[in-house]
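Chains A and B supply the protein sequences, listed in that same order.
When we follow the working numbering, the leftmost residue of the first sequence carries the number 335, and every step to the right adds one.
When we follow the working numbering, the leftmost residue of the second sequence carries the number 11, and every step to the right adds one.
None of these hints come from the bench; they were simulated from the model.
BS3-like mimics (lysine-lysine), calculated; alpha carbons at most 27 Å apart, straight line:
no.: 1; chain 1: B; residue 1: 14; chain 2: A; residue 2: 456
no.: 2; chain 1: B; residue 1: 390; chain 2: A; residue 2: 422
no.: 3; chain 1: A; residue 1: 398; chain 2: B; residue 2: 390
no.: 4; chain 1: A; residue 1: 369; chain 2: A; residue 2: 521
no.: 5; chain 1: A; residue 1: 422; chain 2: A; residue 2: 369
no.: 6; chain 1: B; residue 1: 14; chain 2: A; residue 2: 473
no.: 7; chain 1: A; residue 1: 344; chain 2: B; residue 2: 390
no.: 8; chain 1: A; residue 1: 361; chain 2: B; residue 2: 390
no.: 9; chain 1: A; residue 1: 458; chain 2: B; residue 2: 14
no.: 10; chain 1: A; residue 1: 422; chain 2: B; residue 2: 14
no.: 11; chain 1: A; residue 1: 456; chain 2: B; residue 2: 18
no.: 12; chain 1: A; residue 1: 398; chain 2: A; residue 2: 344
no.: 13; chain 1: A; residue 1: 344; chain 2: A; residue 2: 369
no.: 14; chain 1: B; residue 1: 18; chain 2: A; residue 2: 422
no.: 15; chain 1: A; residue 1: 521; chain 2: A; residue 2: 462
no.: 16; chain 1: B; residue 1: 18; chain 2: A; residue 2: 473
no.: 17; chain 1: A; residue 1: 458; chain 2: A; residue 2: 473
no.: 18; chain 1: B; residue 1: 18; chain 2: A; residue 2: 455
no.: 19; chain 1: A; residue 1: 456; chain 2: A; residue 2: 529
no.: 20; chain 1: A; residue 1: 473; chain 2: A; residue 2: 462
no.: 21; chain 1: B; residue 1: 14; chain 2: A; residue 2: 462
no.: 22; chain 1: B; residue 1: 14; chain 2: A; residue 2: 455
no.: 23; chain 1: A; residue 1: 400; chain 2: B; residue 2: 390
no.: 24; chain 1: B; residue 1: 18; chain 2: A; residue 2: 458
no.: 25; chain 1: A; residue 1: 565; chain 2: A; residue 2: 369
no.: 26; chain 1: A; residue 1: 462; chain 2: B; residue 2: 18
So the derived list for chain A, only partly shown, Cβ under 7 Å to chain B, looks like this:
no.: 27; residue: 388
no.: 28; residue: 394
no.: 29; residue: 420
no.: 30; residue: 426
no.: 31; residue: 432
no.: 32; residue: 436
no.: 33; residue: 446
no.: 34; residue: 449
Ideal Cβ positions, reconstructed from N, Cα and C, are used throughout, including at glycine.
Take a look at the letters that make up each chain.
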Amino acid sequence: MENSLVVTIKNLVKQFPVGGDYFTALKDINLNITKGEFTGLIGPSGSGKTTLLNIIGGLDSPTKGKVSALGNSLNDTSHNVRARLRRKHMGFIFQSYNLLPVYTVFENVELPLILNNVEMKKRKAIVKEAVASVGLSNKLDSRPNMLSGGECQRTAIARAIVHQPGLVLADEPTANLDAENSHHIMKILTDLNQKLDTSFIFATHDEKIMDYLRRIIHLDDGQITEDEFIKNSKVDTSK
Amino acid sequence: MMIKIAIKNLLGARLRTILNVFVTAFSFFLILFMSAMYDGMLQHAKQVTMDTEIAGGAYWHPEYDPLDPMRFEDAHSTLPSEIQSLVDQNTAFPVLVSQASIYPAGRIMPAIMKGIKPDQNIVNMPTNSLSGHDDISIPVLIGKGMASDTKLEVGDTFTIRWLDADRTYDADEGTVVHIMDIENFKLDMGHIWIPLDRSQSMLSMEEEATYVTYKKGAPQIHKTEGWIHRDINYLVQDMEAIIEADKPGAQVMYVILLALAAMGIFNAQVLSIFRRGREIGTLMALGMTRTRVVGLFTLEGGLNALLAAAATLIFFGPILYHFGVNGIPLPIDYTEMGMIMAKRLVPIYTTGLVVSTTVLVSIVVLIVSYIPSRRIARMKPTDSLRGKAVV
Ligand SMILES: Nc1ncnc2c1ncn2[C@@H]1O[C@H](COP(=O)(O)OP(=O)(O)OP(=O)(O)O)[C@@H](O)[C@H]1O
Ligand SMILES: [Mg+2]
Numbered sequence: 335m336e337n338s339l340v341v342t343i344k345n346l347v348k349q350f351p352v353g354g355d356y357f358t359a360l361k362d363i364n365l366n367i368t369k370g371e372f373t374g375l376i377g378p379s380g381s382g383k384t385t386l387l388n389i390i391g392g393l394d395s396p397t398k399g400k401v402s403a404l405g406n407s408l409n410d411t412s413h414n415v416r417a418r419l420r421r422k423h424m425g426f427i428f429q430s431y432n433l434l435p436v437y438t439v440f441e442n443v444e445l446p447l448i449l450n451n452v453e454m455k456k457r458k459a460i461v462k463e464a465v466a467s468v469g470l471s472n473k474l475d476s477r478p479n480m481l482s483g484g485e486c487q488r489t490a491i492a493r494a495i496v497h498q499p500g501l502v503l504a505d506e507p508t509a510n511l512d513a514e515n516s517h518h519i520m521k522i523l524t525d526l527n528q529k530l531d532t533s534f535i536f537a538t539h540d541e542k543i544m545d546y547l548r549r550i551i552h553l554d555d556g557q558i559t560e561d562e563f564i565k566n567s568k569v570d571t572s573k
Numbered sequence: 011m012m013i014k015i016a017i018k019n020l021l022g023a024r025l026r027t028i029l030n031v032f033v034t035a036f037s038f039f040l041i042l043f044m045s046a047m048y049d050g051m052l053q054h055a056k057q058v059t060m061d062t063e064i065a066g067g068a069y070w071h072p073e074y075d076p077l078d079p080m081r082f083e084d085a086h087s088t089l090p091s092e093i094q095s096l097v098d099q100n101t102a103f104p105v106l107v108s109q110a111s112i113y114p115a116g117r118i119m120p121a122i123m124k125g126i127k128p129d130q131n132i133v134n135m136p137t138n139s140l141s142g143h144d145d146i147s148i149p150v151l152i153g154k155g156m157a158s159d160t161k162l163e164v165g166d167t168f169t170i171r172w173l174d175a176d177r178t179y180d181a182d183e184g185t186v187v188h189i190m191d192i193e194n195f196k197l198d199m200g201h202i203w204i205p206l207d208r209s210q211s212m213l214s215m216e217e218e219a220t221y222v223t224y225k226k227g228a229p230q231i232h233k234t235e236g237w238i239h240r241d242i243n244y245l246v247q248d249m250e251a252i253i254e255a256d257k258p259g260a261q262v263m264y265v266i267l268l269a270l271a272a273m274g275i276f277n278a279q280v281l282s283i284f285r286r287g288r289e290i291g292t293l294m295a296l297g298m299t300r301t302r303v304v305g306l307f308t309l310e311g312g313l314n315a316l317l318a319a320a321a322t323l324i325f326f327g328p329i330l331y332h333f334g335v336n337g338i339p340l341p342i343d344y345t346e347m348g349m350i351m352a353k354r355l356v357p358i359y360t361t362g363l364v365v366s367t368t369v370l371v372s373i374v375v376l377i378v379s380y381i382p383s384r385r386i387a388r389m390k391p392t393d394s395l396r397g398k399a400v401v
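Please take these sequences and the hints and turn them into a complete structure.
Put into structure tokens, the structure is as follows:
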């Protein structure tokens, strides 16, 4: 079953230099995430959710311990190797969408494909399909400033999945959205999770999200306090 | 791929791009314009000197040194025959140089007195104003600068005192017959011009002269009998020395303008990197390597320069052209400040100037785009994602 592991973390410690001292944001984390999981990192503010997500995404490096994602060790890899890993196999969704303001919806979603050197002819169809999957086909030429928060986040989702990554990391994807939009987003994500066989890891303290999660990892003060697998989530796991 | 993204970024960020491009274009324009003005000024000064003073070149009496008035009294003789024949053919004219003292309004002033043939038409000086004054003992032509120094006006008389060939002092009354508005201050400051035959008889140096200026294209004399041939190259030397001496000043100006342009672009670039911290973080999260992000921003800066060059051509080209054709009227008369300056300055755009300015500006733009972009490489994507761009 080793090859179905998407993320493995062993004895991870993350420290940030603060003044002349260190602040330990993550203390001895051990965690495995398998393919197709729909997992949430839950915990109060400052518990280390974002930090853990960033380390899994190779945006930050561990202080101690072993971390690998999608079969690549993230311990001693160069920036470029990690960038390549993200480019090819990961997608990111942010709390504040982080769309490029000067790009249209189409262009924002197209960007990962351009970075992956996908041919222009192929790009168009792929982008349109991704945008359709989040229900924004009528907004292809709109710029982010013309979109609602929910539409921005849907664009960001399309951008995160357009290159069919193995792993999508989402940091508080619904924190800026109202209840209706949050549910809409989560439905889209659960659908994509099942269709694409993509693993999702969320960092959140949004109660509304929890019902959709199939695994909830509780973080507190940089430590995992509970790791529960949920049977009756809103996602039908039987399929 | 990068270029596509860079173009998209530039086109997308309409106002920011327009501002950046405009700042660069304006600096570009200023550099080009100021340099061309400067070149035009030098060119003009040289042209005026040639036109009013040098003509085709000159033959000097062996003792003549324009910078040493004490030796003027030895620097005269009759002309070598071949030079004389040039004068006879009207392709050259002689000038007799001597020292004199003048007493305008009771003051005493040293002056260089030059006897010149009133009917010469080889240099552009109003010497014919000296002819036909039989009623006046010494008709005098002076420049505007000299007139204002001495407070002399046309018709005013003043005493001229000189040392003649027998080394005895003599004096007579000069009358200002014309005040010339000449751009070449060297013919103005400290000079009084009188008819050649008058000066020859005053100094008892009949048929003698100090130097002979000849027309462009006059035949070269071989038997100069000791007189020294001074060609154009020699005669423009001190002009060129002035230009040379002025060069550091011009270069400082050039550097200042370039630095201003660079600062403008640098600022815009730093600002855009600072503002676009989150964008940079996003690009890195999407898997762009740092090198590529730096490349992207440098490329944007470079494209900026390219657009600026085009904008300069489109928006400032007509202005540059207009001034290039019509010149720029100057509000002040610089001749009084001892400068050869046209009333209308015509900037000269040489290919060298345009090419070197373009290359230089482009290099500077690339460097100042690259330096702030390099900071990106030091940024942690996690920081930039939070919008904390550390510049
Ligand atoms: N670059 C950093 N330098 C110093 N301390 C940091 C840094 N990044 C995070 N921390 C600290 O690490 C701890 C965990 O931060 P993290 O952002 O992971 O929390 P979080 O669980 O995502 O919180 P929130 O729910 O508010 O987003 C916090 O106490 C934070 O102050
Ligand atoms: Mg967080």
